[in-house]
Amino acid sequence: MGEKIMQSLTNRAKQVDRKPMSFVERLYLWNILKGMFITFSHIFKKRPTINYPEKERPFSPVFRGLHVLNRDEEGRERCTACGLCALACPAEAITMEAAERKNGEEHLYREEKYAAKYEINMLRCIFCGLCEEACPKDAIYLSETPAPANFTRESFIYKKEDLLIPNPKTETDDFKKAKGLA
Amino acid sequence: MSIDWILVLEKFLLIAVVVTASLVIAMYETWGERKIAAILQDRRGPNRAGPMGLFQPLADGLKLFMKEEIIPNSSNKFLFILGPCLAMMAAMMTSAVIPFGGTIEVFGRTVALQIADVNIGVLYIFAVVSLGVYGIMIGGWASNNKFSLMAALRAASQAISYELAMGLSLIALLFMSGSLSMREIVTQQMAGGWGGLLGWNVIYQPLGFLIFLVAAFAECNRTPFDLPEAENELNFGYHQEYSSMKLGFYLFAEYINMFISSVVMATLFFGGYDMPFFDEAAHADWGNWLALIGIVALMAKVVFFIFLFMWVRWTIPRFRYDQLMNLGWKKMVPLALANMLITGAVVLWLNS
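So the protein lines, in turn, are chains A and B. The numbering of the first sequence is our numbering, which starts it at 1243 and goes up by one. The numbering of the second sequence is our numbering, which starts it at 64 and goes up by one.
Don't read these hints as lab results, they were simulated from the structure. None of the hints are false.
Mimicking EDC-like on lysine to aspartate or glutamate, the simulated pairs with C-alpha atoms at most 20 Å apart in a straight line are: (1) B/Lys394 - A/Glu1267; (2) A/Lys1287 - B/Asp105; (3) A/Lys1287 - B/Glu96; (4) A/Lys1421 - A/Asp1404.
These figures come from a predicted structure and were not determined experimentally.
Make the full structure from the sequences, and use the hints.
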């Protein structure tokens, strides 16, 4: 009458050792010493912590942070309010209102149509970057700045003024700072 | 009868120095504990307040002072205040009989670096250490809180159980020294070979030292015997209702106890202020420098023991209560008794 042993599936099952403890084990001292050796060896281990304010962990090159509305080399807004970004947005975070460029505004807007109002709700945004991919005019980019915390819900709706990059012609210093060059 | 006022002044100065030193050492023990805990766990530990976080204990102390002092309505107010006072006092009193070094020459006077060289030093330490339980008991009882009371009961029974093993392990040592005076015990150890190293009691009493060490851990309520303040079982232990500096006193008393028991272990088993591989008697003309070397040697040993306390704390998990009592009564006491009998027999055999 053989004892039925369950078939092992992985051959990794380990028999639990239920032998009564030997004298050395019952003294615990040897095991305590072994444990203390393990904790002591951690003195020489490398600490994974980074001293944050002094040192910052570099961002990944594909990091997607707050949006930026770009300008061209002459400082004109690139956005033409086509609405493709809003259409691509899976979270429906982008709204805009288009307007027609008037005579004499050629130095402000690159295309004949421009965004009079452009808002992104950062509470809705999932930072997927689809708007960036959808844009035919290279107007919207995701920067390396993480979205900051705030106290009110309204403050998370970023207006066009919040999103536009500084003008490279008139606000040279701010532009360089925004590009991370200064 | 005339009073030697200079002697009184000298002793007062010594007491002030020793008390201040124990307080400062206890302060930096809290820093060391956090730093060592961090290092053993691959963390960084306090490093914001001052270089390497060295001002952290000052910030902690300030925080404790500024906190609201709460005395629960249902507590016994007198005992509630008496508890931490007693704990602190008992912790500080032990240092009175410990020789912190040899003798120094100041203004033509020979000053022994010991507050009181009483001939019952070891006995005195035991008496005062037992008093420390009252601080915890009274605090836990006066809080009028069942968790505090339970923790205080645990602390009392634990301290009483382990004091027995501690005393028995020391009796074996006293058989050899034949004296209860701490300075006498140190002097005997210093006479050994290799500049005193071969005279250290730990060589002749390894088992006694081990029992003493474990019992000291239990007496200080340190892990793995920190049942009186087991957070996950008793919220916070016997000082649950305490706040502000009264809580600070309890925590401080624990660290001072740690310091004092390290000093006692170093003195009784590791030659006290004896520098190994250095013959103090041959350099008697060095005067005050010799005393300084002694203090440095003692402090080095103390620092090692304090590190051991913290090292063990972050290695071994807490005992269960029945395991604690089993270890105390069924292992330590018989072992200490056997050690005592064997030592007694050997001493008798050698002397006959």
